[in-house]
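Protein chains in written order, with our numbering: chain U, 1 to 182; chain L, 1 to 182.
You can take every hint at face value.
It does not matter which identical chain is meant; a pair holds if it fits inside one copy or across any two.
DSS-like mimics (lysine-lysine), calculated; alpha carbons at most 30 Å apart, straight line:
{"#": "1", "residue 1": "Lys39", "residue 2": "Lys96"}
{"#": "2", "residue 1": "Lys180", "residue 2": "Lys62"}
{"#": "3", "residue 1": "Lys96", "residue 2": "Lys62"}
{"#": "4", "residue 1": "Lys88", "residue 2": "Lys18"}
{"#": "5", "residue 1": "Lys9", "residue 2": "Lys39"}
{"#": "6", "residue 1": "Lys39", "residue 2": "Lys18"}
{"#": "7", "residue 1": "Lys9", "residue 2": "Lys96"}
{"#": "8", "residue 1": "Lys62", "residue 2": "Lys9"}
{"#": "9", "residue 1": "Lys19", "residue 2": "Lys88"}
Honestly, the hints are just simulated from the structure, not real lab data.
This structure is a prediction, so every number in the text was calculated from the model and none was measured.
2 protein chains.
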Amino acid sequence: MKPISKLDKSPWETLSSKKIYENHWYALRQDQVRTHTGKQITYTYMEHPGAVAVVPVTADQKIVLIRSYRYTVNDWCWEIPMGGRENKDLETDARKELFEEIGGVTSNLEYIHYFYANNGVSDIRCDVFLARDVNVGVNQPEESELIEIEVFPQNEGFRMAYAGEITDGMSALSLFLCEKFL
Amino acid sequence: MKPISKLDKSPWETLSSKKIYENHWYALRQDQVRTHTGKQITYTYMEHPGAVAVVPVTADQKIVLIRSYRYTVNDWCWEIPMGGRENKDLETDARKELFEEIGGVTSNLEYIHYFYANNGVSDIRCDVFLARDVNVGVNQPEESELIEIEVFPQNEGFRMAYAGEITDGMSALSLFLCEKFL
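Bound-form chain U, shown alone (with noise of 0.2 Å):
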């Protein structure tokens, strides 16, 4: 049995990898991995490409948010611009899905923190950003979209994250993790 510290990166070895489902969005892949005690393991979970999330402010100090249905849960989910990764720098991928949903520009965009999402099936990570001074236009939904957009008093965008009222974990999350650069 190796032995354990917060010193050793990567106390699991992967033997061997395969996807066995892949679609546009993600894939489901199945590992074969020696763990630190010596055990041989499957280990099968999402690989993804990442996302990234952006907290849109305009510049009276309004939030805005995105009521959008998820067939996953059949659930209406108060959420903020996200999607997936697609470009080789986060910041492209931000702006894009800030216009793509809000049909939002910005000149003010900061990066914030990372975390992930759901790390016990899943590698998806989620990249955040605080774009400030937002003007908000008419959005560019995918086929596949169903939001309408809505703005708030930024302690009322707070007071809805807080009461949790923003079911989206993402998105209330990266609301909290933006809240004292405001």
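Following the hints, put chain L in place on chain U, whose structure we already have.
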């Protein structure tokens, strides 16, 4: 094309549904769906029984965190006790995770909120509890869990969350949702 409003609870219609992969923890479900535009699409997503998360706080106002190795992201993450749904009632699952991951017991468990962890590609819902007056003991990790317990003053736990140091998003969000109750 169907008219859409916020009152339309299920604007998309499921035409057929099948499992294309399944393991002990989740399945991959592939549905044929008619969207709000009338178009027929294929929607493939991770079907998950849901998760419970528990924010553990001791009688002397300390927060108990877990340093956990996650194979999916090949990284160590700060987390709170959390796991997949197994029992009919949420509270039983919450107490089970608290005991397994930090040897924790409490007579003071409060339901806080729920969120969807990754609603574009999964139906996973996470229900969040706040456990007060927790006595920390010896943990009983599952074979695939590699975890170390560490106890922090409450304000340091929240500082870490706001600073983006708690990179497991579901744990960071659970902390934020509990903050106003502490």
